[in-house]
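**Q** Line by line, the protein sequences give chains E and C. In terms of this note's numbering, the first sequence has 182 at position 182, counting the first letter as 1, and numbering is strictly consecutive. In terms of this note's numbering, the second sequence has 155 at position 155, counting the first letter as 1, and numbering is strictly consecutive.
What the hints contain is simulated information worked out from the structure, not anything from laboratory work. This structure is a prediction, so every number in the text was calculated from the model and none was measured. Every clue listed holds true.
Have a look at the derived ranges for each label pair, beta carbon to beta carbon:
#, chain 1, residue 1, chain 2, residue 2, range
1, C, GLN37, E, TRP215, 16 to 26 angstroms
2, E, TRP215, C, LYS174, 27 to 37 angstroms
3, C, PRO41, E, GLU254, 33 to 43 angstroms
Every beta carbon over 12 angstroms from chain C, so not counted as near; a handful from chain E, in silico:
#, residue
4, SER100
5, ASN168
6, GLY170
7, ALA177
8, GLU254
Using 30 angstroms as the maximum straight-line C-alpha spacing, the simulated DSS-like pairs for lysine-lysine come out as follows:
#, chain 1, residue 1, chain 2, residue 2
9, E, LYS107, E, LYS93
10, C, LYS107, E, LYS249
11, C, LYS10, C, LYS150
12, C, LYS10, C, LYS174
13, C, LYS93, C, LYS174
14, C, LYS150, C, LYS107
15, E, LYS196, C, LYS93
16, E, LYS249, E, LYS196
17, C, LYS107, C, LYS93
18, C, LYS196, E, LYS107
19, C, LYS93, E, LYS10
20, E, LYS10, E, LYS150
21, C, LYS10, E, LYS93
22, C, LYS196, E, LYS93
23, C, LYS93, C, LYS150
24, C, LYS174, C, LYS150
25, E, LYS150, E, LYS93
26, C, LYS107, E, LYS196
27, E, LYS107, E, LYS150
28, E, LYS150, E, LYS174
29, E, LYS9, E, LYS150
30, E, LYS107, C, LYS249
31, E, LYS93, E, LYS174
32, E, LYS196, E, LYS244
A virtual CB, placed ideally from N, CA and C, is assigned to each residue, including glycine.
There are 2 protein chains.
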Amino acid sequence: MTSQKEAVKKVSAAVLLIGDEILSGRTQDVNLQTIAQYLAPLGISVAQARIIADDEATIIEAVRTLSAEYDYVFTTGGIGPTHDDITAECVAKAFNVGISVRDDARKVLEDWYAQSDREVTDARLRMARIPDGASLIENPVSGAPGFVIKNVHVMAGVPRIMRAMLHNVGPTLKGGAVVYGRTVRADGMREGDIAKELGVVAAQMPDLSFGSYPWFTDNDSGVALVVRGTDTARLSEAVEQLMKLARDKGREPEVTTH
Amino acid sequence: MTSQKEAVKKVSAAVLLIGDEILSGRTQDVNLQTIAQYLAPLGISVAQARIIADDEATIIEAVRTLSAEYDYVFTTGGIGPTHDDITAECVAKAFNVGISVRDDARKVLEDWYAQSDREVTDARLRMARIPDGASLIENPVSGAPGFVIKNVHVMAGVPRIMRAMLHNVGPTLKGGAVVYGRTVRADGMREGDIAKELGVVAAQMPDLSFGSYPWFTDNDSGVALVVRGTDTARLSEAVEQLMKLARDKGREPEVTTH
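Next comes chain E alone, as it looks inside the complex (with noise of 0.2 angstroms):
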């Protein structure tokens, strides 16, 4: 069973956010984590993240570099109706592609603001403009949609929006094996404690990989070991190696499932 499960292909993808906003510590980003948790499930690890500014050569550069180096790219921001939303056009530079208002984006924007008292102005009309050969993702809470161009989909940066969009596209990914995890968490251990342990530990169980993330408050502190992989026997046995480790030093740990 292992080695079946094994045989699963692992799916990567690269998450990048595109504003000013996060990287000027105004706003603290939530879209990375919800992300990175509604795709573990899927069997399709974040590999890496990237926060860029609204600009046209960063945007260009990580994209294609993203989308090359991993099975996906997910974006969020600046696909919305004023001058610094820039991301649909970029992304079409970055694939050398056409970028226009669409028929079927205009007739989504038509359609919705219909529903209200507001006009498709020219502004709005921008959020119509979508890469050639993209086909598009449903917007159910503003109406303007994002897009899905070879392995890059385009999605808006308010929060809501994007988890509506991330929904819409969760049953199109082809995801691979699951990645599962467990916390094994000692209060009062220190790293340096278990360090050498943990590491034999790791070296005899090379298809797991684990973490140590240390904490520190004013009066205490502890470590949390973390061990993820696909096989949830195999995980089992690490805690309980994890386990011994601690209660080995005299530390009684907890475990959580994640």
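Fit chain C to the given chain E structure using the hints.
**A** Only chain C this time, still in chain E's reference frame:
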């Protein structure tokens, strides 16, 4: 006065968050916002951030690229005592310099652990491995130092330690023009209502940067118009324009300074 201020150099930084835990979605990053908010008043703008896994080739490539492209680089994560802590090694490789247990770093650890009942184990001594030519960053939370090599500041990933290290390197940084921000928030307004007019304002004030950030709840929506620049008098002019823009659409705006 404007020309004098504009003559001040813009200083940019990249943030490189190293570690699997943010990418997996298990942990919500907070370090990027902390770093951005700390650097802004020093006149250093975060221009790009990357979040990458504990993978040697990826770390080396990112350190080289970002170090060449930006005035400063700040990395977090991967400098603890465990097997997955490979950042120091990779930074040394990125700059083709050697790395070894250095006497100054060893003494820091020995002095630190002498004050507790903990020993300087071989695993802990890994944290005294510092690239040749680097200077140390003090860590008042858990002892083990970070380091600075060329323009790259290598810090811990634990937020509490990272903050302390950041405050210790702050006085050594040479900032440029401080970028100030103002937000004009108009509840009930939609981006499409003001996109054209906002574009006109942005085109008339090319020394400032304008952004538009819509938000949506179940029952309400609105837009935050953000303007940034180094000249506060110009910012005040811009705020007047943005407030007029909102009022012309029948919305009473709220202004915040950041």
